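Q: What follows is the residue order along each chain.
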Amino acid sequence: GQQVMQIPQYQHVQEGEDFTTYCNSSTTLSNIQWYKQRPGGHPVFLIQLVKSGEVKKQKRLTFQFGEAKKNSSLHITATQTTDVGTYFCAGPRLMYTGKLIFGQGTTLQVKP
Amino acid sequence: DSGVTQTPKHLITATGQRVTLRCSPRSGDLSVYWYQQSLDQGLQFLIQYYNGEERAKGNILERFSAQQFPDLHSELNLSSLELGDSALYFCASSVDKGLEQFFGPGTRLTVL
Chain A
13 GQQVMQIPQY QHVQEGEDFT TYCNSSTTLS NIQWYKQRPG GHPVFLIQLV
63 KSGEVKKQKR LTFQFGEAKK NSSLHITATQ TTDVGTYFCA GPRLMYTGKL
113 IFGQGTTLQV KP
Chain B
3 DSGVTQTPKH LITATGQRVT LRCSPRSGDL SVYWYQQSLD QGLQFLIQYY
53 NGEERAKGNI LERFSAQQFP DLHSELNLSS LELGDSALYF CASSVDKGLE
103 QFFGPGTRLT VL
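Heads up: the sequence lines are chains A and B, in that order. Every number in our numbering is 12 more than the matching position in the first sequence, counting from 1. Every number in our numbering is 2 more than the matching position in the second sequence, counting from 1.
Source of the hints: derived by calculation from the structure; they are not laboratory data. Take these hints with a grain of salt, some might be off.
Okay, derived cross-link-like pairs now, DSS-like style, lysine-lysine, Cα gap no bigger than 25 angstroms in a straight line [as the list claims (entries may be wrong)]:
1) A:Lys123 with A:Lys71
2) B:Lys59 with B:Lys99
3) B:Lys11 with A:Lys82
4) A:Lys48 with B:Lys59
5) B:Lys59 with A:Lys82
Nothing here was measured: the structure is a model prediction, and the numbers come from that model.
Full structure from sequences and hints, please.
A: Structure, rendered in structure tokens:
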């Protein structure tokens, strides 16, 4: 079945360092979504990428969708303690439903 | 606050019992999704309803069932509970399929 893999599973960085998480799908995706879950909280939608090769920025966060639409990345520049949490990518299982397959997530810890 | 409400927040019960989790989607959202999150399994899609009808199914056990009512709220019924059913259960909603999902605060189920 379709799988969405994320690496790394955990990342510890010093505040101010950059951070990147990678997402790979076993199948081509019509779009990819990214969510952030703070410790003890619920997933919160960050962004959706639709086009091949698309790059979107949100302040210090840069999201990329691969040319083949099978991989994606999230890069955070100069991490802050507020970036702590688990970042999930998710791709639709079937185009005409909302069923999302979530990656296992990358948990980011930031040392002040 | 995502606008999605879930009750109860916490639920502690015994093996073999049956529980009902409730979700009210954001105003105007027709799609409701249920997810299970456990430490070793990540976010697992269970089932999706759209405007009262089942739209997509994930790895939902036969002991679990759900429905969406005419007022669009949804209930997830878990029966013959086992220790392994202990997890966070999230409900999410979206205006339509394939769009960003808004997650509720979750129900933490503990089966003793």
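Q: Please name the hints from earlier in the document that this structure breaks, with their numbers sorted from lowest to highest.
A: 3
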